[in-house]
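> Let's have the full structure, built from the sequences with the hints guiding it.
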Amino acid sequence: MTQDTDWEALYRETRHRIGNTMQMLLSLLRLQMRKETPDARDALARLEVRMSAAAAAYALARVVGEDGVTLVVDFAAYIGDMSEEARRQTEPDMAPEVTLDLVPAEIPLDQAIPAGVAITEVLMNAVQHGGPPIHVRMEALAEAGVWRVAIRDGGTGVPEAGGRGDGLGLRIAESLMRQVKGRLATDGGTVTLEWPAR
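Using the UniProt record's numbering, the first residue of the sequence shown is number 1, and each one after it goes up by one.
Just so you know, the hints here were simulated from the structure itself, not pulled from any lab data. Ideal Cβ placement from N, Cα and C applies to all residues, glycine included. Treat the hints with caution; some may be incorrect.
Quick list of in silico lysine to aspartate or glutamate cross-link-like pairs, EDC-like style, CA-CA up to 20 Å [as the list claims (entries may be wrong)]: (1) Lys181 x Asp110; (2) Lys181 x Asp101; (3) Lys181 x Glu194; (4) Lys181 x Glu139.
For each label pair, taking beta carbons as the anchor points, the in silico distance ranges come out as [as the list claims (entries may be wrong)]: (5) Gly145 x Ala43: 31 to 41 Å; (6) Pro104 x Thr37: 37 to 47 Å; (7) Ser175 x Ala77: 37 to 47 Å; (8) Ser175 x Gly80: 23 to 33 Å; (9) Ala40 x Thr70: 38 to 48 Å; (10) Met94 x Ala144: 34 to 44 Å; (11) Pro133 x Thr70: 33 to 43 Å.
The following block contains the structure:
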């Protein structure tokens with residue numbers, strides 16, 4: 001076996017084990033949701049989506065580079081998957097349409113997970129508290145070496161703490177963006193997330 005083949009086999013096995021573990025945890029979470037109050041079920045449902053977002057990044061990751069250990073995620077496909085996941089959190093006849101305008105992007109796994117979960121948080125907020133239509137735009141700011149994702153809904157903007165929603169999702173998203181040395185900004189019904197490209 002070559003070193004590259006060894007690494008690829010190890011990666012596939014590790015990804016398989018991580019996937020199985022995440023599925024087991026998600027199954028346990030769904031069982032717990034059946035026994036909880038409506039408020040607790042809502043909180044657990046949000047947690048389920050966060051875990052699903054992390055699991056989806058692992059599922060989409062692939063090995064690139066001569067070292068055979070660099071993992072990247074097709075980020076446009078990832079955002080598309082998470083947009084559908086966010087829509088599934090509402091009643092089928094109430095799920096708003098989400099339009100995507102995304103550039104092709106392969107992002108390192110260690111950036112893709114925090115940024116992807118942060119984007120998912122904002123998408124869930126837009127789906128549950130915003131108004132249609134929802135538009136997601138991703139662009140590469142090549143001159144600045146930055147990825148930018150803007151999520152715009154037709155509502156009145158991000159809910160304030162104590163208003164509709166408790167603001168926890170936005171705080172989680174801000175914390176996750178700090179992990180990738182990025183930032184989150186709000187302007188009415190638009191939330192913009194930026195982080196340095198690698």
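> Given the range 33 to 43 Å, decide if the beta-carbon distance of Pro133 to Thr70 lies inside it.
holds (37 Å)
> Does the Cβ-Cβ separation between Ala40 and Thr70 fall within 38 to 48 Å?
Roughly 40 Å apart at Cβ, these two residues keep to the hinted range, so it holds.
> Do the beta carbons of Met94 and Ala144 sit within 34 to 44 Å of each other?
holds (38 Å)
> Can you let me know if the beta-carbon spacing of Ser175 and Ala77 is within 37 to 47 Å?
violated (25 Å)
> Range first: 23 to 33 Å. Now tell me if the beta carbons of Ser175 and Gly80 are that far apart.
For Ser175 and Gly80 the Cβ distance comes to about 24 Å; the hint holds.
> Going straight from one Cα to the other, do Lys181 and Asp110 come out at no more than 20 Å?
holds (12 Å)
> Please verify whether Lys181 and Glu139 have alpha carbons no more than 20 Å apart.
Judged against 20 Å, a Cα distance of about 18 Å means the pair holds.
> Has the hinted range 37 to 47 Å been met by the Cβ atoms of Pro104 and Thr37?
holds (44 Å)
> With respect to the beta-carbon atoms only, verify the hint that Gly145 and Ala43 lie 31 to 41 Å apart.
holds (37 Å)
> For a C-alpha distance cap of 20 Å, please report whether Lys181 and Asp101 respect it.
Roughly 24 Å separates the two Cα atoms, so the pair is violated.
> Between Lys181 and Glu194, does the CA-CA distance stay at or below 20 Å?
holds (9 Å)
Checked against the numbered hints above, the structure breaks hints 2, 7 and satisfies the rest.
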